[in-house]
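Undergrad: Sequence:
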Amino acid sequence: MSTQANLTTALSEIDCARDIVEFSTVVVARDKQLRKADHPVFLQKAALEFQSRFLPNFEESIRAGRSWGYATTCNAVSRKAGGQVGRDVCERIASRVSLLDHALIGKIGIRALSIFAASFGRHSNRAECRKGAIRIAKFCREESRPLQELNNLSLAALINGFSKWPEEADFRQAAVAIAGDVIRRAGRHHQLSDFTQQGLVSLVNGFSKWPDEAASRQAAVTLALEILHRFGRLCEFPQQGLAILVNGFSKWPEELACGQVTIAIAGEVLRRVARFHEFGEQDLANLVNGFSKWPDEAVSRQATIAIASELLHRADQLPHYSQQGLANLVNGFCKWPEDATCRKAAIAIAGEVLWRAVQLPDLTQQGLANLVNGFSKWPEEPAFRRAAVALAREVLRRATQLYDFSQQGLANLVNGFSNWPEELPCGQVTVVLADEVLRRAGRRTGLSDFTAQDLRGLVIGFNRWPLQSAARQATIAIVNEVLGRGIRFFDFTKPESESLMDGFNRWPQGEAGHGAIAKIIEELQLIQSEATQLRSGEKWSHQTRQSAKEASS
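Counting in numbering that gives the first Met the number 0, the sequence shown runs from 0 upward without gaps.
A portion of the hints provided could be inaccurate.
What the hints assert, rightly or not - With a straight-line cut-off of 20 Å between C-alpha atoms, the simulated DMTMM-like cross-links for lysine to aspartate or glutamate are: (1) K250 with D211; (2) K250 with D193; (3) K31 with D14; (4) K518 with E480; (5) K518 with D490; (6) K44 with D18; (7) K137 with D180; (8) K518 with E529; (9) K79 with E90; (10) K163 with D193; (11) K163 with D87.
Keep in mind the hints are simulated off the structure, nothing from the lab.
Using the sequences plus the hints, can you model the full thing?
TA: What follows is the structure in structure tokens.
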């Protein structure tokens, strides 16, 4: 049968469908069969038919036990090929779901709800899709028992749908319920052996959107252990699946099982060097970003260098990378600044960043901070200097939006730009960043939400601008927080301590807050003195043991 005849037959079948069961059966079957130009034509026609003939009877069909056809049809038409009309239909059915009472939404069935959640998640920017997903999340939170009826793929569909709105409390709580169910299943006699590769990958991806939740962490470790049990079958995972696993497990670098799986995947990636052309741009970016969370592991380094080499071979494809993908690559390569291949790959990315400077507004705050932090590991390179200046101008453009940056993001920007103190935009951006730090210091909670590492980065960065009044004021606020927590907690290295004291000594005399600066200098000097005495004691002890050994021989 010709392609045109296939399309004509498919369209005729949906026209002749007598009810939602027949209609959805045709849609699902033809969705898998039709290709190229026929596929979107069919799905968009199906969306229109679905909207006019069946959507008005949605609630009545639920009561009649026919909700499955609505879910599978929505799943088909909400994909890219469904076009604008498919997105509109998805939004309309989401709106109806959002209004269902507890009894009626329970009649839909948890499997159908998981399909709806995945469909709504494809259009997370649409308010009605969000509302529909929230209704499903609340049901999952209130009625966790039905989750036990789902297979691993349906669980994954649920959590990946919810993960499009990670900041929403309802989705976070539903994710905790799903994580609890995965943990429960791991306690069965056969554990998670019935989970498919796709299910494992999708669940890890979903839980990684809530890395701070204890249940997400525990579920991720459980999934990591299952993958370790299948160590010899890593070769069966597709390239994209490996990349998603690495990116997901990298959210918990301190978990032994997550690290072990990532190292095993790094070895598998190295075995696929001859097939690197099969990895997509996003896959490579996710792998590099993930491997960089274990920089001391030799196999992580080797796999990253191999990817850097591949990127250089495919340098003409850099324009195909997303802005976030480029930022993830730089964030990864900078963990091995001494490696020439990683440096060359980062230089190529810096050139691409400059080439598309007009697109810098599309970068997320985290992406901006990662690029600045990454390029700062090679401050002498002209390409990184030029890219840093362009990024500084972009941060200046966002001066009124600095509250959106995370604490770590601010620290990375301040510490990064401080590597180019002679560049005017870098100095200008430091002033506005200092103002933002001062604004946060003035909150009731002060700087208590900054980690020790963030505060270290800020004080080291601002200290390189001793003649900037705003930088000095921000430094005083940070120093007070450091002294309040105890300076030994921050573990400044000897070069860092010396650099800090050198910067402090260049402050103008009579500067307000000089007492705090004098105090931290005193503390740094004391720590250095103790370290010197300790080293001298170790040297004396070694010499004494050596002399005794010689005397006895």
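Undergrad: Checking against the hints above, which ones are violated?
TA: Hints 2 and 10 not satisfied by this model.
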